[in-house]
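Make the full structure from the sequences, and use the hints.
Under my numbering, residues 1 to 169 are what the sequence shown spells out, in order.
Treat the hints with care, as some may be off.
Calculated pairs, DSBU-like style, for lysine-lysine (alpha carbon to alpha carbon, straight line, at most 30 Å) [to be verified]:
id	residue 1	residue 2
1	K92	K73
2	K21	K73
3	K100	K73
4	K135	K92
5	K27	K73
These are calculated hints, taken from the structure and not from any lab test.
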Amino acid sequence: MLAGDRLHWSVTVAGSRSILKFDLNRKSLDLRLLPGDYYTPLSPVKFPVMRAEGGEMGFLFLYGFIAQLWSLKPYRDGVEIWTPGRSIELDKLLGLNPEKDPPQVRGYAEENNVVFFWTVVGVFMVHLESWRFNKLSKTSIHSWYHPFEIAYTPGIGGGQDGAKVAVDG
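Here's what the structure looks like:
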């Protein structure tokens, strides 16, 4: 995920979940651990790196049917701390049965800030700012999804303005 002039990846190092940051200007790497309760090796937590509110780097904390956006906020003396943001109960938003398998993250399209969740009833695309969603398909857990985005430049090749999101399933 690109935020400002830095690329970010979710990584697991020595059993701890972290975010690896590459600063394109300084050409330097930095590793930032996730908040304590969320990087223990025994917890079944998913943490894809995503754009947080304000456009900076954050991550989506997914545990069971709860999705919560986290971001770094200034604390004091130049120190930043992880802060939870908005959260949503996906079973209620998407009309899922909480006694079935919980959703799984299948991809993230950063230009449109949407995440793709696999569920037992199909794949949903959820916009992370508005929490609006579209149901895309019915599928099995063994299907692969490759979200990609295409931006059209006005006046070139007869395309239209704006960005499009497509899913290759």
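Exercise for the section: Quick one: which hint numbers does this structure break? Sort them smallest to largest. Expected result: 3
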